[in-house]
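Participant: As they're listed, the protein sequences go chains S and V. Numbering follows this note's numbering, with no gaps: position 105 of the first sequence is 105. Numbering follows this note's numbering, with no gaps: position 52 of the second sequence is 52.
Everything labelled a hint here was simulated from the structure, so no lab data went into it. One or more of the hints may lead you astray.
Claimed, not checked - Straight-line alpha carbon distances no greater than 20 Å define the calculated EDC-like cross-link-like pairs of lysine to aspartate or glutamate that follow: (1) S:Lys40 / V:Glu8; (2) S:Lys67 / S:Asp30; (3) V:Lys58 / S:Glu101; (4) V:Lys49 / S:Glu24; (5) S:Lys41 / V:Asp85; (6) S:Lys44 / V:Asp9.
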Amino acid sequence: DTAVSQTPKYLVTQMGNDKSIKCEQNLGHDTMYWYKQDSKKFLKIMFSYNNKELIINETVPNRFSPKSPDKAHLNLHINSLELGDSAVYFCASSPSRENTEAFFGQGTRLTVV
Amino acid sequence: AQSVAQPEDQVNVAEGNPLTVKCTYSVSGNPYLFWYVQYPNRGLQFLLKYITGDNLVKGSYGFEAEFNKSQTSFHLKKPSALVSDSALYFCAVRVGGSYIPTFGRGTSLIVHP
Numbered sequence: 001d002t003a004v005s006q007t008p009k010y011l012v013t014q015m016g017n018d019k020s021i022k023c024e025q026n027l028g029h030d031t032m033y034w035y036k037q038d039s040k041k042f043l044k045i046m047f048s049y050n051n052k053e054l055i056i057n058e059t060v061p062n063r064f065s066p067k068s069p070d071k072a073h074l075n076l077h078i079n080s081l082e083l084g085d086s087a088v089y090f091c092a093s094s095p096s097r098e099n100t101e102a103f104f105g106q107g108t109r110l111t112v113v
Numbered sequence: 001a002q003s004v005a006q007p008e009d010q011v012n013v014a015e016g017n018p019l020t021v022k023c024t025y026s027v028s029g030n031p032y033l034f035w036y037v038q039y040p041n042r043g044l045q046f047l048l049k050y051i052t053g054d055n056l057v058k059g060s061y062g063f064e065a066e067f068n069k070s071q072t073s074f075h076l077k078k079p080s081a082l083v084s085d086s087a088l089y090f091c092a093v094r095v096g097g098s099y100i101p102t103f104g105r106g107t108s109l110i111v112h113p
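One chain only, chain S, in its complex shape (with noise of 0.2 Å):
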């Protein structure tokens, strides 16, 4: 079983469309990310949840929107997407907002066209 699944693997989309990406876990854990990796291979936290409530923001653009229905689920959700926003996107989750020791899904290699 995988204990962090997200998905689609690979999306590839023209500017301004709107789309999602799904993540999963079963792991029982409280606290899920969304991180972001450019093609520089950085790491940049981008949003957290625990509980379902958001407890993480970082400096994201609005159309950026991520949406936790129960605890083991966290989506994001990108409005008019832009070249920029080519990236692998990956979904986290670790046991508790103090304990972030962090299991990662396989990511979502986003590219905008």
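Once you have looked at the hints, place chain V on chain S.
Facilitator: Then chain V, alone, in the frame of chain S:
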């Protein structure tokens, strides 16, 4: 404020030799330090962490790291490198009381047969 530096973009080592991947950090408070490994086209995998206690931390796959407060370093080490250790290694830090980790830019480890 918190930051982490991985001064080497790439480390090359022969199989069977000891390896060191360097990490230094800067925080205003007690540091929580982490090492992750990323294999090609995969998400990050947790290797080890330092929160408190013994300065020498042992982790997965035979890796260990030493917390050095005076030098503000947390170098990753392994006594005998394997070709399969070749991957991208990330150091991360957060300060106690903060839930936002900061990742280094990653060090590519290449182990030659």
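Participant: Taking the hints in turn, state whether each one holds.
Facilitator: Each hint, compared with the structure:
The straight-line distance between the Cα atoms of Lys40 of chain S and Glu8 of chain V is roughly 14 Å, inside the 20 Å bound, and the hint therefore holds. Under the criterion of a C-alpha separation no larger than 20 Å, the hint pairing Lys67 of chain S with Asp30 of chain S is consistent with the structure, at around 15 Å. Straight-line distance between C-alpha atoms of Lys58 of chain V and Glu101 of chain S comes to about 15 Å, which keeps the hinted pair within the 20 Å bound. For the hint pairing Lys49 of chain V with Glu24 of chain S, the CA-to-CA distance comes to about 25 Å; that exceeds 20 Å, so the pair is violated.
Of the pairs offered as hints, the one joining Lys41 of chain S and Asp85 of chain V holds, with about 18 Å between alpha carbons and a cut-off of 20 Å not exceeded. Restraint check: the Cα-Cα separation between Lys44 of chain S and Asp9 of chain V comes to about 18 Å, which is no more than 20 Å; the hinted pair holds.
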